[in-house]
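Participant: One-letter residues, chain by chain:
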Amino acid sequence: AQSVTQLGSHVSVSEGALVLLRCNYSSSVPPYLFWYVQYPNQGLQLLLKYTTGATLVKGINGFEAEFKKSETSFHLTKPSAHMSDAAEYFCAVSNPNTGGFKTIFGAGTRLFVKA
Amino acid sequence: DTEVTQTPKHLVMGMTNKKSLKCEQHMGHRAMYWYKQKAKKPPELMFVYSYEKLSINESVPSRFSPECPNSSLLNLHLHALQPEDSALYLCASSQLTVDYGYTFGSGTRLTVV
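Line by line, the protein sequences give chains A and B. Counting from 1, one number per residue, gives the positions in the first sequence under this note's numbering. Counting from 1001, one number per residue, gives the positions in the second sequence under this note's numbering.
Think of the hints as simulated: they come from the structure by calculation, not from any bench. Idealized CB from N, CA, C, for every residue including glycine. Misleading hints may appear alongside valid ones.
As the list claims (entries may be wrong) - One side only, chain A facing chain B, incomplete, derived with CB under 8 Å:
#, residue
1, F34
2, Q42
3, L44
4, A87
5, F105
6, A107
7, F112
8, K114
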């Protein structure tokens, strides 16, 4: 079975500061990993993904994440936070061997950005 | 077209009503999904269609009835819902290999009174 744990339900940073959102996963096979962002009253938008290959992946809006197999982690970072980054962020995992249709989402981390 | 369109955006229905949610995509994705999201919670998978056939039903109560009339459309028929079914209902689509991730619609906010 697969699972995702997001450390910290709320993270608060100042504008211009580093953003770090933590995600650890559990999977019996090499997983597909995703980060999604959700703004209020909106659907989820894909930020970035890791499937195979380079372990440092870059996404939209200046975000990046690094797949670390030894630590079973896929933390999301952004060097400098903007007010517009305030949103809910979900880490997600799926199993490519079973078609990947059952994507499991973490509980989410609410990012607050202070002026 | 890179969007998933959901209608209506908001729906209020009584417990004896019958209503339907609609989802449409024109990206050529052959997998489509219904998710339910309660406030401050992650999305929960309800149904998955691949090649217009139901492939996953996550033990969803029969008062929710999905339908996939063609490769671009996905419906969710609602009947005799309970107040606890009030939530944001999200439709998503993906390629069959899912390695490109999902494209989500903006959802239908459902309130059952």
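Participant: Taking the hints in turn, state whether each one holds.
Facilitator: Quick rundown of the hints versus the structure:
1. Among the interface hints, the one on F34 (chain A) holds; its C-beta lies about 5 Å from the nearest C-beta in chain B, closer than the 8 Å criterion.
2. Here the hint on Q42 (chain A) is kept, as its CB sits about 5 Å from the closest CB of chain B, short of 8 Å.
3. At about 5 Å, the closest approach between the beta carbon of L44 (chain A) and any beta carbon in chain B falls short of 8 Å, and the interface hint on this residue holds.
4. The criterion of a C-beta within 8 Å of any C-beta in chain B is not met by A87 (chain A), whose closest approach is roughly 13 Å, and the hint is violated.
5. With a least beta-carbon distance of about 4 Å to chain B, the hint placing F105 (chain A) at the interface is held under the 8 Å criterion.
6. At about 6 Å, the closest approach between the beta carbon of A107 (chain A) and any beta carbon in chain B falls short of 8 Å, and the interface hint on this residue holds.
7. Nearest Cβ of chain B to the Cβ of F112 (chain A): about 14 Å, over the 8 Å cut. The hint is violated.
8. Of the supplied interface hints, the one on K114 (chain A) is violated, with its beta-carbon coming no nearer than about 21 Å to a beta-carbon of chain B, more than 8 Å.
The structure fails to meet hints 4, 7, 8 from the earlier list, while all remaining hints are met.
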